[in-house]
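2 protein chains.
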Amino acid sequence: MIDDPDRREAFHLNVMARDGCARAGILETAHGLMHTPAFMAVGTAGTVKAMTADAVRATGTECVLGNTYHLMLRPSAERVNELGGLHRFMDWPGPILTDSGGFQIMSLSGLRTLDADGVTFRSHIDGSSHRLTPGRCMELQQLFDSTITMALDECTPFPATMNSAAESMHLSMRWAKACKETFQQRPGYALFGIVQGSVFPDLRALSSEILTNIGFDGYAIGGLAVGEGQETMLRVLNDTVPLLPDTHPRYLMGVGTPDDILECVSLGIDMFDCVMPTRAGRTARAFTNTGIYNLRNARFSSEAVPLDRDCHCPACRNHSRAYLHHLFRANEILGPILLTWHNLTYYQDLMKGLRCAIRAGRLSSHIESVRAGWQRKEGFA
Amino acid sequence: MIDDPDRREAFHLNVMARDGCARAGILETAHGLMHTPAFMAVGTAGTVKAMTADAVRATGTECVLGNTYHLMLRPSAERVNELGGLHRFMDWPGPILTDSGGFQIMSLSGLRTLDADGVTFRSHIDGSSHRLTPGRCMELQQLFDSTITMALDECTPFPATMNSAAESMHLSMRWAKACKETFQQRPGYALFGIVQGSVFPDLRALSSEILTNIGFDGYAIGGLAVGEGQETMLRVLNDTVPLLPDTHPRYLMGVGTPDDILECVSLGIDMFDCVMPTRAGRTARAFTNTGIYNLRNARFSSEAVPLDRDCHCPACRNHSRAYLHHLFRANEILGPILLTWHNLTYYQDLMKGLRCAIRAGRLSSHIESVRAGWQRKEGFA
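Those protein sequence lines, which keep their order, are chains A and B.
Numbered as in the numbering used here, the first sequence ends at 1609 without a single skipped number.
Numbered as in the numbering used here, the second sequence ends at 1609 without a single skipped number.
Chain A extracted, bound-state conformation:
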C-alpha cells in the first residue's frame, strides 16, 4: 500500500495486518511514524507531567498530545510559534496531536457562551476573555505546528436527551465543515473530524456520514468515556466503527483503562489518549501485568521485589516496591516520576503486545492471557 502513488500523498493508515475488526498499521506523518494501535501520552501544557521528553521516548511513546485550551492561555499559541513550534518548545520532534480546546472550555473555564459561530469563554487562570471559532481553532493548531489537528467540536454532555444530543451534534458538524474549509493541508499533516451523537445510534450514524462526506484525514469518536459506562461505550463503538472509512485512522478520544483498550482495539480503534497512566502515576496507582496496585498501601512497605517483574522501566529495573512505597509516603517527587514512567511503559508495552498479536493473528488468545495476568496479584511478601 505504501507504494500506491495516490495514497502516498494523502494522510491515511497503512494497514499491515488484520485480526477480526482489529488492525495493525503505520501512520506516516511529517514528524515520523506512528505504529497503530497507538497510545498517545497526554502532554497538556507542553509537558507530559513529571517526565522529561527523553523519558517519554524511553517508554516507547511515539506521539504526544497537547491541549489547545491550556497552551492558548499559557504561554499562548503565538509565543509557542515564535519559539519554533510545539515540537521544539517541548523537545518532541515526533508526531504531536492537539485537541481543539472545546473539551476543556466546557470542563474548566468559568463563564462561557456558545453560539453558532463558536464559543466565548473566560480563562480559568486569570479570568481573561477569549473566543474560539473553527477558523481560530485551525489557526491555533497551525501555530503550534501540530501534526494532527482536531476539528472544533462540542463534547455532548452525558446524559443528554436525543434532541439536545442532535442539536449539539449538528453544531459540531457545522464547525467540522468550517474547520475543513480553513485547515491548510500540508504533506504529512492531518485534520481529524470528530463523531458525536451521544449514545444514540442514529445520531452517531448521521454524524459519521456527514464527516465522511466532508472528508477528513482521520476520524475521532468523541463524547464517550463521559459517564455512560463501558458496556454502552462498546455498543456505540460497535455500531459506529464500521461506518468510518477503513482506509483512515480511527481515534477514540480520552480512553481509557487497559481493559477499555483491549476491547476497543478488538473493535477496530487505532488511536487512544488518556490521562489515566500519568495521573495514576502521580497518585501512587500502578498498572501492572498482575493487576492494579496502590503503592501507598502499607503491605508494600517491606516488599523487596520489583513492582512488575516483566517491566523494563527504571522503577521496576532499579527499585523495590518498598522503595516506591517509601517515596509516596514521604511525598517525594521521585514517586510520581518513577510511577508515571512505569505506567506509561506499561501502556506502551500493552499496545506493542496488541500490535504483535494482531500481526500474528492471535489477538483474542493474547487478550485472554493479558486478562489472566491481571488476576494474579503476586509478590506480596
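Mixed in with the good hints there might be a few duds.
If you only want the chain A side, here are some residues facing chain B, beta carbon under 7 Å, derived [unchecked claim]: (1) 1273; (2) 1275; (3) 1277; (4) 1278; (5) 1280; (6) 1302; (7) 1317; (8) 1319; (9) 1542; (10) 1546; (11) 1547; (12) 1548; (13) 1550; (14) 1558; (15) 1560.
In short, the hints are calculated from the structure, not lab data.
Remember, it's a predicted structure, so these values are computed and weren't measured experimentally.
Just so you know, even glycine gets a beta-carbon here, dropped at the ideal spot from N, CA and C.
Keeping the supplied structure of chain A fixed, place chain B upon it in accordance with the hints.
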C-alpha cells in the same frame, strides 16, 4: 601514595596535586572513587529530590548524602537494612555519606531533651518518641551501610556565648570519642569527626586537637553557615583547616553558594554538601556561568536561548529559557526536574573546573575568570 602499603589499608586522601592550600585528590572507598574537591548531592530521604539516580549520575555527582534523622523515622534504618542497605534502596552503588541526625533533631523535631549520653526527641512526622546516642548513631549508619559515617555532634546554635559554645563543643567531643569506640572499622568505610567551637578560635583549635588525638578517617567542620556570614566563616576556616591532618579529607558541612565553594576550596576544603542547588532548582532559581537567575521572571517568557550556553544538561541542551519559564509558571513538575538537573550539573562542573585548575596550578586565575563570568548576565532578548 596509592602504593604505600601502610596507606592502602586506612581511609585517607590521595593528594594528587596542590595549589596553595587547595588540593585535588582521590578518595578510594568501598563503593568507588570520589574526586576531590567534591560536591555531594543531598538525598535527604533516600532520594535526591526530583531526580532519578540515573539523572544524578549524569550530573557528574559521585557521592550522595543521606539524612539519618529522616531515614531513621521513615522508613527506619532496620527497614533500609532488610532491603539491602541504602545503596540498593535508592539505586546508588557509589559512595554515600550519612549525617549523624543531630542537626535535624535540633532544627526539625519538636520536644527534645539533651543529656550527657544522647538526645531524646519526638518525630516531626508522627510525634513518636526516639532516642539517639553515639552508639545508636553508629548502629543506624551501619544499618544503612553508609560509606562515610558522621560522628554524633551538637551543631552549636549561632550566636552562642563562649561558655555555651565550649560546653556544647565538649559534649560533641565526648560523643565523638564514644562514636569512635563503637564504630566498626571496615576497609573502604570511614568515620568522620566534626570540629565544633562556634566562631571562637581557641575552641575550634581545642576541638581540632581533641578529634585529631582520637583519630578519625576524615574531619568535618560543623556549626558554620548557620548565620555567621561568609567573612566570619572564612576566618574560622582559615584558622582551623591548618590544624587538621593534611593526610585526611576535610569536609565543610552544609556549604554553600558557588562563591563559598571557590573560597573554601582555596582554603583547603575537600568536600561539600548543600541543599542549595536542589532546593533552588525547585523554586526556579538557576545557577549559571553568567550568574543567578529567577526563571519565574517575566523577561524570560520570550527568550529562545538556552539557560546556560556552556552547560550540557538536558535543560540547556534541549530547551529554551522561555520553556523553563513556562514550566514554572504552569507549576509543572518538569520545571523542578529540569532545573535541579541543571543546578547539580552546574555545581559538579564548577567542582570539575576547580580540580582541573588545581592540577594545572592556576587556581586563582581560574577563580577570577569564574567570577568574571558571573558578572555577565547575558542572553536577554
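Sort out which numbered hints this structure fails and list those numbers smallest first.
-> none
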